[in-house]
Amino acid sequence: GAVVSQHPSRVICKSGTSVKIECRSLDFQATTMFWYRQFPKQSLMLMATSNEGSKATYEQGVEKDKFLINHASLTLSTLTVTSAHPEDSSFYICSAVKGQANTEAFFGQGTRLTVV
Amino acid sequence: QKEVEQNSGPLSVPEGAIASLNCTYSDRGSQSFFWYRQYSGKSPELIMFIYSNGDKEDGRFTAQLNKASQYVSLLIRDSQPSDSATYLCAVNPYGNKLVFGAGTILRVKS
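Sequence order for the protein chains is A and B. The numbering used here applies: residue -2 is where the first sequence begins, and numbers increase by one. The numbering used here applies: residue 80 is where the second sequence begins, and numbers increase by one.
Hints were generated in silico from the structure; no laboratory data involved. Note that the Cβ used here is the ideal one computed from N, Cα and C, for glycine as well. Please note: incorrect hints may appear among the correct ones.
Unchecked claim - The list that follows gives simulated cross-link-like pairs (lysine-lysine, BS3-like), each with its CA atoms no further than 27 Å apart:
{"hint": "1", "chain 1": "A", "residue 1": "Lys63", "chain 2": "A", "residue 2": "Lys52"}
{"hint": "2", "chain 1": "A", "residue 1": "Lys61", "chain 2": "A", "residue 2": "Lys95"}
{"hint": "3", "chain 1": "A", "residue 1": "Lys11", "chain 2": "A", "residue 2": "Lys95"}
{"hint": "4", "chain 1": "B", "residue 1": "Lys146", "chain 2": "A", "residue 2": "Lys52"}
{"hint": "5", "chain 1": "A", "residue 1": "Lys17", "chain 2": "A", "residue 2": "Lys63"}
{"hint": "6", "chain 1": "A", "residue 1": "Lys38", "chain 2": "B", "residue 2": "Lys188"}
{"hint": "7", "chain 1": "B", "residue 1": "Lys146", "chain 2": "B", "residue 2": "Lys176"}
{"hint": "8", "chain 1": "B", "residue 1": "Lys121", "chain 2": "A", "residue 2": "Lys38"}
{"hint": "9", "chain 1": "A", "residue 1": "Lys95", "chain 2": "B", "residue 2": "Lys121"}
{"hint": "10", "chain 1": "A", "residue 1": "Lys11", "chain 2": "A", "residue 2": "Lys61"}
{"hint": "11", "chain 1": "B", "residue 1": "Lys176", "chain 2": "A", "residue 2": "Lys38"}
{"hint": "12", "chain 1": "A", "residue 1": "Lys52", "chain 2": "A", "residue 2": "Lys17"}
{"hint": "13", "chain 1": "B", "residue 1": "Lys176", "chain 2": "A", "residue 2": "Lys17"}
{"hint": "14", "chain 1": "A", "residue 1": "Lys17", "chain 2": "B", "residue 2": "Lys121"}
{"hint": "15", "chain 1": "A", "residue 1": "Lys63", "chain 2": "A", "residue 2": "Lys38"}
{"hint": "16", "chain 1": "B", "residue 1": "Lys121", "chain 2": "A", "residue 2": "Lys11"}
{"hint": "17", "chain 1": "B", "residue 1": "Lys176", "chain 2": "A", "residue 2": "Lys95"}
{"hint": "18", "chain 1": "A", "residue 1": "Lys11", "chain 2": "A", "residue 2": "Lys38"}
{"hint": "19", "chain 1": "A", "residue 1": "Lys61", "chain 2": "B", "residue 2": "Lys135"}
{"hint": "20", "chain 1": "B", "residue 1": "Lys121", "chain 2": "A", "residue 2": "Lys63"}
{"hint": "21", "chain 1": "B", "residue 1": "Lys176", "chain 2": "A", "residue 2": "Lys63"}
{"hint": "22", "chain 1": "B", "residue 1": "Lys135", "chain 2": "A", "residue 2": "Lys95"}
{"hint": "23", "chain 1": "A", "residue 1": "Lys61", "chain 2": "A", "residue 2": "Lys17"}
{"hint": "24", "chain 1": "B", "residue 1": "Lys121", "chain 2": "B", "residue 2": "Lys188"}
{"hint": "25", "chain 1": "B", "residue 1": "Lys146", "chain 2": "B", "residue 2": "Lys135"}
{"hint": "26", "chain 1": "A", "residue 1": "Lys95", "chain 2": "A", "residue 2": "Lys52"}
{"hint": "27", "chain 1": "B", "residue 1": "Lys176", "chain 2": "A", "residue 2": "Lys61"}
{"hint": "28", "chain 1": "B", "residue 1": "Lys121", "chain 2": "B", "residue 2": "Lys176"}
{"hint": "29", "chain 1": "A", "residue 1": "Lys61", "chain 2": "A", "residue 2": "Lys38"}
{"hint": "30", "chain 1": "B", "residue 1": "Lys135", "chain 2": "B", "residue 2": "Lys176"}
{"hint": "31", "chain 1": "A", "residue 1": "Lys63", "chain 2": "A", "residue 2": "Lys11"}
{"hint": "32", "chain 1": "A", "residue 1": "Lys17", "chain 2": "A", "residue 2": "Lys38"}
As the list claims (entries may be wrong) - Quick list of the computed label-pair ranges, beta carbon to beta carbon:
{"hint": "33", "chain 1": "B", "residue 1": "Gly133", "chain 2": "A", "residue 2": "Asp62", "range": "42 to 50 Å"}
{"hint": "34", "chain 1": "B", "residue 1": "Gly120", "chain 2": "A", "residue 2": "Lys11", "range": "20 to 28 Å"}
{"hint": "35", "chain 1": "B", "residue 1": "Gly95", "chain 2": "A", "residue 2": "Thr14", "range": "45 to 53 Å"}
{"hint": "36", "chain 1": "A", "residue 1": "Ile9", "chain 2": "B", "residue 2": "Gln149", "range": "20 to 28 Å"}
{"hint": "37", "chain 1": "B", "residue 1": "Gly133", "chain 2": "A", "residue 2": "Thr79", "range": "45 to 53 Å"}
Sequences are here, hints too, so could you generate the full structure?
Structure follows, in structure tokens:
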């Protein structure tokens, strides 16, 4: 398999501050990365699709000005949660696609965000 | 109607038994189907994928797909306590986007 590294694994921040989460494909180039959020006992909800060199495509209901996504290179995508509020507390997970098929989608370790 | 539906469980099976996990999907045009395992607090890991009707076996795991019934299942033979986790069914409706079910909690009791 391939390795996707997500950092940080846990972060606690104060309301109103911004938090940046990084997702790196360590041993392959990822033209597409996906960002998910997962609330306790719920499934993964796709937030946005990030394509290298272009604007991210956000799912319906996801605020693009609140969740800023940058995919500046073939190995790095970042998600910035701006002006975080307690309701943004969740488990954020990225996945990177290797190749054209979804059989080659690999997940990062996830980031547990707690906003206090 | 949810796009991908799974029984939330928990499904409890004794060690050594067969665990059967089921999933239905609504988009008839979906072409590829995936089973992921997720341990608490961890990200999902891919167990199997299947594209064609019928069975696909990999070690103790067998995925079954019936496109006419829009149904996909995962069988785990000789279940072990380490198999205890949440199993997520995912469907690829188009492009390379995945839609996940809510997951089924499996508990294997020794």
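Q: Would you check the hint for Lys63/A and Lys11/A, treating anything up to 27 Å between C-alpha atoms as holding?
A: Answer holds: Lys63/A to Lys11/A is near 16 Å, not above 27 Å.
(Q) Just to be careful, I want the Cα atoms of Lys176/B and Lys95/A compared with a cutoff of 27 Å; is the pair within it? (A) holds (13 Å)
Q: With a cut-off of 27 Å on the C-alpha distance, tell me whether Lys52/A and Lys17/A pass.
A: holds (17 Å)
Q) Does Lys17/A lie within 27 Å of Lys61/A when you go C-alpha to C-alpha? A) Holds: Lys61/A and Lys17/A sit about 14 Å apart, inside 27 Å.
Q. Given the hint that Lys38/A pairs with Lys188/B, does the C-alpha gap stay at or below 27 Å?
A. holds (21 Å)
Q: Given the hint of 42 to 50 Å, check if Gly133/B and Asp62/A actually sit that far apart at their C-beta atoms.
A: holds (47 Å)
Q: Compare the distance between the alpha carbons of Lys17/A and Lys63/A with 27 Å, and conclude whether the hinted pair is satisfied.
A: holds (12 Å)
Q) Holds or violated: are the alpha carbons of Lys11/A and Lys61/A at most 27 Å from each other? A) holds (21 Å)
Q | Given hint Lys52/A paired with Lys95/A - CA-CA distance at most 27 Å | A | The hint holds at about 19 Å.
(Q) Between the alpha carbons of Lys146/B and Lys135/B, is the straight-line distance 27 Å or under? (A) holds (14 Å)
Q: For the pair we were handed, Lys121/B and Lys63/A, check the Cα-Cα distance against 27 Å.
A: Holds, at roughly 25 Å.
Q) Given the proposed pairing of Lys61/A with Lys135/B, does the C-alpha separation stay at or below 27 Å? A) Violated. Lys61/A to Lys135/B sits at ~40 Å, over the 27 Å cutoff.
In this structure, the hints that do not hold are numbers 3, 4, 19, 36, in rising order.
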